[in-house]
Each structure stands twice: as structure tokens, then as C-alpha cells.
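Participant: Use the sequences and the hints to build the structure in full.
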Amino acid sequence: MVKAKDLTDQEYLYGHKACPGCGLGTIGRLALKILGERTIVGLPASCMSTVTTIYPQMNYSVPSLTMAFAGTGALLTGMSAGLKAQGITDAYVLGIAGDGGTADIGLQALSGAVERGDDFIYICYDNEAYMNTGVQRSSLTPIGAHTTNSPAGTASYGKKNPKKNLFEIMIAHRIPYAATASSAYPYDFMNKMEKTKNIKGPKFIHIMCPCPTGWGFASDLTVEIGKLAVETGMWYLAEYENGKVKMNVVPKTLKPLEEYLKTQRRFRHLTAENIQLIQEHRDREWELIRERWL
Amino acid sequence: MNNKSKSGHLDFLNGDEAVAYGARLCRPHVIAVYPITPQTIVVEKIAEFVANNEMTCEYIHVESEHSAMCAAMGASLVGARAFTATSSQGLAYMHEMLHYVSGSRFPIVMMNANRTLAAPWNIFGDQRDSLSQRDTGWIQAYVENGQEALDMIIQAYALAEDDRVYTPVMVNLDGFVNTHTFELVHIPTQEEVDAFLPPFKSKNAVDFHHPRSFCMTASTEWNMEFRYQQQEAMDRAKGVIAEVDKRFGDHFGRYYGGMVEEIRCEDAEVVLVGMGSVVGTSRIVVDRLREKGLKVGLVKLRFYRPFPREYFKGLSGRVKAMGVIDRDISFGYEGAVASDIKSALASAGVVPKVINYIAGIAGRDITKENIEGMYDKLFSFIQGKDEKEMQFIGLRW
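These protein sequence lines map, in sequence, to chains A and B. Sequential numbering from 1 applies to the first sequence in the numbering used here. Sequential numbering from 1 applies to the second sequence in the numbering used here.
Please keep in mind that the hints were generated in silico from the structure rather than gathered at the bench. Be aware that a few hints might be false.
Here are a few chain A residues that face chain B, going by a calculated C-beta distance under 8 Å [claimed, not checked]:
no.	residue
1	L7
2	R38
3	T50
4	Y55
5	V62
6	S64
7	T77
8	G78
9	M79
10	G82
11	N149
12	P186
13	M190
Using C-beta positions, here's what the derived DEER-type ranges look like [what the hints assert, rightly or not]:
no.	chain 1	residue 1	chain 2	residue 2	range
14	A	R284	B	Y333	56 to 62 Å
15	A	N242	B	E44	32 to 38 Å
16	B	F208	A	H173	54 to 60 Å
17	B	D250	A	G117	44 to 50 Å
18	B	K201	A	T8	29 to 35 Å
19	A	G216	B	H95	34 to 40 Å
20	A	S111	B	T189	24 to 30 Å
21	A	G216	B	W121	54 to 60 Å
Sample of chain A residues with no beta-carbon within 12 Å of chain B, all distances over it, derived [stated by the list, open to error]:
no.	residue
22	K3
23	L30
24	K33
25	T66
26	G71
27	L75
28	K164
29	Y185
30	A238
31	Q279
32	H281
As the structure is a prediction and not an experimental result, all values here were calculated from the model. Ideal Cβ placement from N, Cα and C applies to all residues, glycine included.
Facilitator: Quick look at the structure:
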């Protein structure tokens, strides 16, 4: 188990330009503290690349490369193959991509890389919309969320469709290791990162990353809202390993959905009827979780 | 082209196989490829080499051409020598990545089997695919036959990895006419190639002791300076192309002339300019017409980027008319090669008459008779007859 006192004082991601309260800086910082200096970071177009790699103010003290939006999976494949071909076996290849860059435009490249069994760690930080371009919906935006291209209006309750299940897509690949995580649960995340170091092949972590700017909440509430997402069952922490899913946190009873929704501007427009619809989706997901994994 | 090499052996290969042998001899660490006709034989042949332990490399079965170039870029980032090959729709699909690779200065080598672009859908050859990638910052070479294909892959690495260049190179072969046509090809020995092309020691790769960010964001304050450096590298590449050609010739006994080869242009009144396989056919026509006493010449354009502007400036005062064969067309204007040649001629002051021949689209044959007709028109043009500046050759109507 990872302990705070054992973490290195060395910072590998420092001085970035993320919005106040963004969970992203924490995710990158902790992930690199676990993996250490022999890590190469690949980043597609995303908040992460935008806030960390603007020449000449480079924020990584490990090697990094900014990649085309669709190409993260293939980039990681190439880096991994290039290292292997040169006999370099003591370095980690790490991709950090957003929800759109992973579940939408980057899904083909990711699926290819996982199917080939290439050796890399892929972190999808999920702030549930295209935040870098100004809060447009992705396939990981939850149902009912207002975004700038799925706005709430007299004929719309926001995003029409429920969130795609990326964790299960990875399980369908029979990937060696996949997990969900949250920036509000740093130890859980670091322990999962620690595990990836000793597993060969593709490793995938889908981490929830609340976004004050895009979701509409005060910048000191990031952790609280991340926790509420888990406590209300809108997000869950799980691992897939050796062909089995393990739920890491199972709330005894799910808190009322409203407690989560009311904290954020993106859900402010929802009527009782809309909330009922979202709750039905949540409950159906949890039925599936209970049937299969608990 | 002479075969003076003392070692190696001759084999009966098609153009794709020649490329595969060329790639093998360069010892790339990583090959990331996605199959597309008429490039597929390259993919298959290299897979056979690897399967039979005749080649040691990481062979990546990517799921798209976009990913092929992403993977090649990742490999180059960690200091590996990378190779890929594609064609037509595949090249178009990886378009975005061509910019990424050249802009971040990764010396990747790619073979492209020239094939037309849909729609209408067709698998046969023309050069619209690669010529429409003009502004992606890649060096583009066009070869005439299988031997030149093999040799050019080797030269491409020497050129791309030169400190003064660090720019990716695309080696183009006409689809089917080159890729699927069998010829006797001389395959040099591994030792010969190793002596010519040293192991890749990238200056643009990850170093854990001196971590850098690659391919990063460059703001308006800096971006233009990166572009300026790319242009400077392309300008320097002109000299390096000549050097590499000379060094290759001294080493293997085959010289290609660098950016252009002149064929019987001394005292020529009219010349044709072509790229790729059409040059082979045109050589025969030139010889035939010369036997008849006609003062005709032929210019084989070997590099489209960087473009040999200075050469064409020099040629402008020597000839009365010039025909440019384009296996492509920029709709609404003319052939891409003709435009560039005219632009070079205009800067010379003395401008010969130019006819742009649009020919060989989507694999239509360019026959010896077609080429003779092109010369005929150039002669009547200089004798004052009206000729259209741009003409389709071999059209049904």
C-alpha cells in the first residue's frame, strides 16, 4: 500500500496552468510520483497538454510529447515498441488523455493498442466534456448535463444520452488491468498506479476528475464533489484483474441523487421528471453491478 | 545508372519487394504498417522477413494509417529508426500526422504507392495522393523503377537523419506500374549498406537525464520561428540530396543525379519533364526521336519537395518549349508540377513556352505514342501554332 511518507519529494509536474480547483494537476503529479523519472508521457490535445506544454514553459521534468487528438494509443504503442527494440526495459510509457480524447476520437487507437497487448499505462482523466474547447459534450458526459453544444432549453434537458461505459469496453478487450478511480480518492488511485508497474501489457485507469469551470462549482469543492459522485452512485471505484472485477468502494445505500446534482451549475435546470430519468439510469447500472460483480 | 557494385546479388523483384528489401537493409527498429493496395506486398514481404528471422524489428499491426504514423512517431521519439508504407486513401487518412512528424522533426521514412483518390473509387496509379500532401513538410522523392526504389529507401534514411535536415522523407512509387512490375534488381549486401548508413543515433529523442518536451504547443510568439527552421532545413536538404547521391554512387556504383536527371538535354529545343515511371517510357521515345534528328530532351524530376527551382531557372534559357507531364490535377487550375515549374521559370526572366499535359490519371496508360504526340505539339508550338496551355492526354473525347 502506498503511504504518504514514502512518496518522493521530487515533483515531475510543476507550475502548470490548470484552472484553480482542477483535479488534473493532482492526477498527473501523483501518477508521476508513483512511476518516477524513467517515465515518458504522451498527451493528446487536451486540457492536460494545454496547461503543461506551452513552449518555452515546460512543466514536466520527465520526457513528454504532445500528440494528435486521435493518436494516443498508437503513440504509446510506438514508444513501447521503440524502447523494446532498443533493449530498454526499465522505463514506463504513460498516456494521459481526456474523456473525448479517449472515448470518442481516440477510441480506435486505444482499442488497437490494447488488442495488440502493447506495454503501456493509459490514464483517461474524465471531466465529462470537451473542457479545453469550452465545455462541449463527449460520449462520457452524463445524461442531463448542460454543455455548450447540448444546452438545456425549452425543448432540451441537456445531454440526451447516458455516459458510455469505458471500463466495460476495456474489460471486453480482456485487458490485463483496468480500473476506475477518482481524484477525490488519491490513495485508491496511487495504489492502482502502483499495481500497473508490475503488470506487463496494457493497463488502463479511468479516473473521474471534477471540473469547477465546466461543471459550475466553487474551486474548493473539487474533492467533496468527487466523493459525492461515488456516494450517490454516479461513479464507482473498481478494478478488473485476472479476469475478475472487484468493487473497491461499495456504499451501503446510495445517497439521494439530488445531493450530487444540486452542487453543480450543469444540472441546475433539471426538473423532478428529468432527475427521475437520471435516477432510473443510475439504478439500472447498479443492478448490473450487483448482478455481476458483488 | 550503372551496376558497379562488387558484391550483393541480382533478384527478380517487383517494386514493392524492392522497397521491402531496401527497408530491411536499413535495419529499422520499428515498422508500423497498415495494408492498402497497391502497397500490400511491402507489408507482406516485411512480415515474411520477420516471421523467418531474416529481419529483427518490432513489427506493429496498427489498426489504421493514422495510427501507423502515430506509432512511427512514438518510436522515433524514443530514438528508434522507424519505417512505414502506405498509399492513396491511407496517405490522406494520415494527413494530420504528416504535419506532426515533420513539425517535430522526426526523420521517419515512408514509402507511398501512388494511387488515385476516391471518388470515383479506383485502385490504380496517379500522383494526386502524394502531390496533395505538398505542404505537409515532408521531403518527397519519386522513383522510376524497382532498383531506384530500393536505393532510394537507403538514401532516404541518410538524407532524413542528416544533422542538417532532420526531416521525414516520402519515397513514391507509381502504383502497379512500379509496385507490381518485376525487374532485375541488385540487392546490396548488409555489410555494404551498414558501411553507408550507420546506426541511428537520434539527436531528437528522449533522454531521461535531460528531460525535454517534444512536439509541444508553441504560441504565436514562437510558432513562426519553428516554421522558419523547417524551411531552412528543406533548403539545406537540396545540397544534402546531391551529397547523398554522390556518396551513394561512390559506394554502390549507381548515381541518380540528385534532384533531377537530364536525359539528352544538350542542345535540345524542346524538353519534357516527368516524375516516376513515365520517365522510363519517355527515355525510349527520346532515343527514337533523336535518331530522327529531332532535338528533344527529357528531365526526370526526382524530388518535388524541396523543389529544384534553381535548376529550372537555369534550364529556362536553354530550351524553346517545355512540356510538363502531370499525373495529377489541381482542379480549377492545372497540374501541380507544372505550376511549380512555371513559377521557377518566371523568376528566371526568360520564359520558354510551357504546355501542361495531364496524363495517366487513375492508371490510364501513358503510351510511347502519347509521349511522341507531346513532343510534336511542343514543336508546333514553337513554330507558332496555337496550343492550349493545359491539355488532357488520352481522353475518351
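Participant: Evaluate each hint against the coordinates.
Facilitator: Against the structure, the hints come out as follows:
Residue-level restraint check for A:L7 is violated (minimum Cβ-Cβ distance to chain B is 20 Å; threshold 8 Å). Given the 8 Å rule on beta carbons, the hint for A:R38 holds: about 5 Å separates it from the nearest Cβ of chain B. The criterion of a C-beta within 8 Å of any C-beta in chain B is met by A:T50, whose closest approach is roughly 7 Å, and the hint holds. Because the closest C-beta pair between A:Y55 and chain B is about 4 Å apart, less than 8 Å, the hint holds.
Restraint check, A:V62 versus chain B: the minimum CB separation of about 5 Å is within 8 Å; hint holds. Hint status for A:S64: holds, given a least beta-carbon distance of 5 Å to chain B, under 8 Å. Interface restraint check for A:T77: the shortest CB-CB distance to chain B comes to about 5 Å, inside 8 Å, so the restraint holds. About 3 Å separates the beta-carbon of A:G78 from the nearest beta-carbon of chain B, less than 8 Å, and the hint is met.
At its closest, the beta carbon of A:M79 sits 4 Å from a beta carbon of chain B; the interface hint therefore holds under the 8 Å criterion. Evaluation of the A:G82 hint against chain B yields a held restraint, the C-beta minimum of about 3 Å falling below 8 Å. Taking 8 Å as the C-beta contact cut-off toward chain B, the hint placing A:N149 at the interface is violated, the least distance being around 22 Å. Hint status for A:P186: violated, given a least beta-carbon distance of 24 Å to chain B, over 8 Å.
Nearest Cβ of chain B to the Cβ of A:M190: about 22 Å, over the 8 Å cut. The hint is violated. About 58 Å separates the C-beta atoms of A:R284 and B:Y333, a value consistent with the hinted range of 56 to 62 Å. As the Cβ distance of A:N242 to B:E44 is approximately 37 Å, the hint placing it in 32 to 38 Å holds. Between B:F208 and A:H173 the beta carbons are some 30 Å apart, a value that contradicts the proposed interval 54 to 60 Å.
Taking the beta carbon of each, B:D250 and A:G117 are about 45 Å apart, inside 44 to 50 Å as hinted. A C-beta distance of roughly 31 Å is found between B:K201 and A:T8, which places it inside the suggested range of 29 to 35 Å. At about 38 Å, the beta-carbon gap between A:G216 and B:H95 stays in the expected band of 34 to 40 Å. Distance hint for A:S111 and B:T189: a CB-CB separation of about 42 Å, inconsistent with the stated range 24 to 30 Å.
Between A:G216 and B:W121 the C-beta distance comes to about 48 Å, which lies outside the given range of 54 to 60 Å. The claim that A:K3 is not at the interface with chain B holds, since no C-beta of that chain comes within 12 Å of its own (minimum 26 Å). At roughly 18 Å from the closest C-beta of chain B, the C-beta of A:L30 stays outside 12 Å, upholding its exclusion from the interface. At roughly 15 Å from the closest C-beta of chain B, the C-beta of A:K33 stays outside 12 Å, upholding its exclusion from the interface.
The claim that A:T66 lies off the interface is violated: its Cβ sits roughly 5 Å from the closest Cβ of chain B, which falls inside the 12 Å cut-off. With 12 Å as the threshold on Cβ separation, the claim that A:G71 sits away from chain B is violated: the shortest Cβ distance comes to roughly 4 Å. Interface exclusion of A:L75 from chain B breaks down, the closest Cβ pair being 4 Å apart, not more than 12 Å. The Cβ of A:K164 sits about 19 Å from the closest Cβ of chain B, beyond the 12 Å cut-off, so the non-interface label holds.
At the 12 Å boundary, the C-beta of A:Y185 stays outside the reach of chain B, the nearest C-beta of that chain being 29 Å off. The Cβ of A:A238 sits about 27 Å from the closest Cβ of chain B, beyond the 12 Å cut-off, so the non-interface label holds. For A:Q279, the non-interface assignment is confirmed: its Cβ lies about 38 Å from the closest Cβ of chain B, beyond the 12 Å cut-off. Every beta carbon of chain B lies more than 12 Å from that of A:H281, the smallest distance being close to 31 Å; the non-interface claim holds.
Violated hints, in rising order: 1, 11, 12, 13, 16, 20, 21, 25, 26 and 27; the structure is consistent with all others.
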